[in-house]
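2 protein chains.
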Amino acid sequence: MAPHDEAVKVAEETTGTVSKPISTIVIIIAMQTEALPLVTKFNLVEDPNSVFPKGVPWVRYYGTYKDLNINIIWPGKDPALGVDCVGTVSASLVTYASIQALQPDLIINAGTAGGFKEKGAGIGDVYVASDVAFHDRRIPIPVFDLYGVCAKRALSTPNLLKELNLKVGKLSTGDSLDMSPIDEKSITANDATVKDMEGAAVAYVAELLSVPTIFVKAVTDIVDGDKPTAEEFLQNLIAVTAALDQAVTRVVEFVNGKCVAEL
Amino acid sequence: MAPHDEAVKVAEETTGTVSKPISTIVIIIAMQTEALPLVTKFNLVEDPNSVFPKGVPWVRYYGTYKDLNINIIWPGKDPALGVDCVGTVSASLVTYASIQALQPDLIINAGTAGGFKEKGAGIGDVYVASDVAFHDRRIPIPVFDLYGVCAKRALSTPNLLKELNLKVGKLSTGDSLDMSPIDEKSITANDATVKDMEGAAVAYVAELLSVPTIFVKAVTDIVDGDKPTAEEFLQNLIAVTAALDQAVTRVVEFVNGKCVAEL
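Chains as they are written, first to last, in UniProt numbering: chain S, 1 to 263; chain B, 1 to 263.
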């Protein structure tokens, strides 16, 4: 193919992705408690013939809702320990495998998060991330330091934010539920309002494979508050999940019938 | 198929995997500096038609050496920043994608590492890991704490260890090159002699997909020594890579013609 034709083809493909209505969405949710109310809400069913290889615990719930093919991907329970496969390794793997198997037009990474009251976060608040970055990948060698932090802008969704009146803040991701002093320094450097355990890993893979992604995070615990994180997280998980799922439902309703450029 | 036949089939498959000579190996190496001498040594070529999807920077070098199909997988350079894609997210992704594409009989994860002199490690020592675990995934909720650490025994290779006279120690993995006080506590709890940025992620994925894995780690810097890690790492990288590559070559020579159960 001549260079000119190739250029036209690329332009058409790019325009096509952005201007055609969103058809297939993948919603990545790390915990079953967070995922199941949405599975019920959208009347999804578990895939009896997994699109994922033998051995992995990853679960796909799927169905159609209005004009959308909806897939909720939950990384499942650890085969040996029986707890949800939270964190960046599982999140990156299911993002990669879901994109390969389902070729979504849009990813929504939804989950609970810690919030910083100093930045205005309160329990039950739902945030859409404007930016994502890691806070526990310190590589003090020039340029490697930036690779470790891996700061990225999330998909710009001005119309969605205006219509749904959701809060907006920066998201910082790490593999620990707690926050060590050195993590705190990095989170401050990331200017984060919310802190989770998956977002930046999902963002990294989705960007490599060019899939636009929205991050919806609901605050279960105040990181700079008085209560121990694990205790506060478990106390609020069920109630805050209701707020999270309501917000995700509104995002899905808004996405339906639109193309990415209209979000 | 009747349950009995299924059981026989599974037994045959299991026996087959362990008792047939190793044919295809995947060597996962995070840094180009570590990988290229081995590419030359085994006379491998870069795959012109990548087995990986468009967009990812992962590179496969392949060829045959004696009775083995050898694949060296290097996660490549970050598309935006141009540095090697080190760390657990890239390591888990290339392990997953390599297993899917190449169905190896054995994985070797080779790389440089920090060593603890208190545990007997010195610059240039090459270790085979007996155990792997994470040290930067703190989730202080019962059972989730164990999931975070994700401690696993590596493949038992008594004959290889005896023949090659390599050191043996426990490996602890985290996404930072430095060691924070809270990381140190976890590394001590993991009883680690060597510390890297990929091993436990490779182990996690390889175990999910039932591929036996050997970890070969060469010490570039003394974590509990006087010198700053980044400086010592860069100073010793080239020289220690020679020791690493020599050890990996000896492992490959030993593996050739054997089945997994003979290692």
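These are calculated hints, taken from the structure and not from any lab test.
Fair warning: there could be bad hints in the mix.
If several chains are the same, the list does not tell them apart, and a pair holds so long as it fits within one copy or across any two.
Straight-line distance between alpha carbons at most 25 Å, and here's what the computed BS3-like set of lysine-lysine pairs gives [what the hints assert, rightly or not]: (1) K117 / K185; (2) K227 / K185; (3) K258 / K77; (4) K227 / K54; (5) K227 / K41; (6) K54 / K20; (7) K152 / K54; (8) K117 / K152; (9) K162 / K66; (10) K258 / K117; (11) K152 / K77; (12) K162 / K77; (13) K77 / K20; (14) K258 / K185; (15) K41 / K119; (16) K66 / K152; (17) K227 / K152; (18) K185 / K54; (19) K117 / K20.
Predicted, not measured: the structure shown is a model, and the values here were computed from it.
Status of the hints after comparison with the structure:
1. K117 / K185: within (16 Å within a copy, 29 Å between copies)
2. K227 / K185: Cα proximity of K227 and K185: in one copy and across copies (20 Å, 23 Å).
3. K258 / K77: neither (34 Å within a copy, 35 Å between copies)
4. K227 / K54: neither (41 Å within a copy, 46 Å between copies)
5. K227 / K41: neither (32 Å within a copy, 57 Å between copies)
6. K54 / K20: Classified as between; 21 Å across copies, 34 Å inside a copy.
7. K152 / K54: Only across copies: K152 and K54 sit 20 Å apart there, 33 Å inside one copy, limit 25 Å.
8. K117 / K152: So K117 and K152 pass the 25 Å test inside one copy only (23 Å; across, 38 Å).
9. K162 / K66: For K162 and K66, the Cα distance is within 25 Å only inside one copy (22 Å; across copies 64 Å).
10. K258 / K117: neither (34 Å within a copy, 60 Å between copies)
11. K152 / K77: between (29 Å within a copy, 17 Å between copies)
12. K162 / K77: Result: close neither inside a copy nor across copies, 37 Å intra and 38 Å inter.
13. K77 / K20: For K77 and K20, the Cα distance exceeds 25 Å both inside one copy (36 Å) and across copies (32 Å).
14. K258 / K185: neither (40 Å within a copy, 50 Å between copies)
15. K41 / K119: neither (32 Å within a copy, 55 Å between copies)
16. K66 / K152: Neither. Shortest intra-copy (31 Å) and inter-copy (45 Å) distances fail the 25 Å Cα cut-off.
17. K227 / K152: Answer is neither; intra-copy 31 Å and inter-copy 33 Å both fail.
18. K185 / K54: Classified as neither: same-chain Cα gap 41 Å, cross-chain 36 Å, threshold 25 Å.
19. K117 / K20: neither (40 Å within a copy, 60 Å between copies)
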